[in-house]
Amino acid sequence: MAETETETEGTPVKGNGNGRAARLLPPPLRRPGKPGSNGSGGSARVVEGAKDAPADLLAWLDERTSATAFLTGSLYRKVPKGTNWLYTLGSATLFAFVVQAVTGVFLAMYYTPSTIEAYDSITNLTNNVFMGEFVRGMHKWGASVMVILVFVHMARTFFVGAYKYPRELNWIIGVVLLILTMVMGFTGYLLPFDQRSYWATIVGVNINGTGPIVGPFLSDFLRAGPEFSQTTLSRFYSIHMMMVPGAIIALIGAHLYLVVKQGTTAPPWVRADTKPKSSRAEKV
Amino acid sequence: MAEPGTDNNTEADGSDGPPEMKPAGYFEGESMTRRKAFTVASQAIGGVAGAVVILPALGFAVAPVFERPEEIWQAVGTVDDFPADTYTSVVITIVEGIGEAGKSTAYVRRGTEELGESPDEFIAISSRCAHLGCPVRYFEAAANFICPCHGGVYGFEGEVLGGPPPRPLDRFQTRLAGDVVELGPRFSVTSQLEPVRARDPGEFTGGIWEYLYPPRPSTAPAP
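Going line by line, the protein sequences match chains A and B. First residue of the first sequence: 16, per our numbering; consecutive thereafter. First residue of the second sequence: 458, per our numbering; consecutive thereafter.
Quick caveat, the hints were computed from the structure, so don't treat them as lab data. Virtual Cβ for every residue (Gly too), placed ideally from N, Cα, C. Keep in mind that a hint or two might mislead.
To be verified - Covered stretches of chain B, going by a simulated chain A footprint (3 or more residues, C-beta under 8 Å):
1) 546–560
2) 564–576
3) 584–591
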């Protein structure tokens, strides 16, 4: 690229040196335009300028954030030979989480976390609110999809040995994310507050209580007392909607940072080329 | 490390490590530099500020574990409502103000000498299964309590006959106010039907289990 020296480092903005990124540079650094391209003003020039506006805006942002360098570095990184569709399961899980986050935020607009009103607010949300059944359905089925994807993602990591050095820490973070996903499933199950929610929570809290020594206190903590009460529902709502999602977002950030930092692994059945070039066609 | 001939500002002093830099204002025998003192001080202030926020919030969240709710005693009927040879179900309120979710069913009968009880006392069995808390039902034909969830079966006194329950059914304290039977706090029993402090379902009672599943401060003491 001839105009590289007029752009900030790592900026993939293409085009001649006169528009876009280069326009933000002080005049001495701009590349001189071709003869006749810039001289005659008029409406053509306005149209040209309007066409460049989005790129100019991006360039303005990029000059101040270096976001392009960061994004190209993390999204256009090299992956090893043998990388296949199974390596997209982590992204699929992330997408499932984003779906849960978005639909959950909107469900919270209609939900009332009160033992008296919770069930009615859910029925109203499902039956009366425009598209309510669809949004709630996405959240409900998306929850199952996310749990399944987490497990398949974990199985892929296990079977290709991607948990080994130096990626043990990412495996541990992933296990914590798995547990947090389970906590989301457990706490979210109570919120519709129908018979199944109520009894499943009673049983689930009591299963927590069977842990020796700490178990009884853990179930008291979950219930906020010796019996199921209004505080139990509020507590589950708070855990489901604020505490655990915050922790999940933070840990997904760490998880992704380590993936970008360390790169991904090749499947164990892919070996390094011993004969350069000639054997490439035989390997997948 | 200091290579001879390179343009270092510091002279190689013969030891392997890089020569120690003396900060401005250094004097012989000082124990802490100004920079170190400010680092420690700002970290300490940050730690205190964090603790001032986190510790009350944590205490706020776990406080209910250490608080005992007020005991509720409620009338469920007169002495004539509860014969000794079968159970009569009553619905009581365990937690007030939360509607149906705060209610529970108890099975009440008069004590009988055949089982070594006084005819003046009343037995109130909780319908909460000792396995994981599902509601059991009394089947009069079999004189058994049966749980629909995982198949727990209890005898006439709530003792375990079969299935997964780790201990007999819980009971409620009872008392008489004139002719009126009143139900009070819940308590658990051992396999010998001796009263102990209320446990959650799923927890064993008696013997070493009293230590593995310690009594919680949020429950009433055993009668």
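Results for each hint:
Counting residues of the segment 546–560 of chain B whose beta carbon lies closer than 8 Å to any beta carbon of chain A gives 7, which reaches the threshold of three, so the coverage claim holds. Using a Cβ-Cβ cut-off of 8 Å, 0 residues of the segment 564–576 of chain B lie near chain A, which falls short of the minimum of three, so the contact claim is violated. With a threshold of 8 Å between beta carbons, the proposed coverage of the segment 584–591 of chain B by chain A holds, since 3 of its residues qualify and at least three are required.
Going down the numbered hints, you'll see the structure goes against just number 2.
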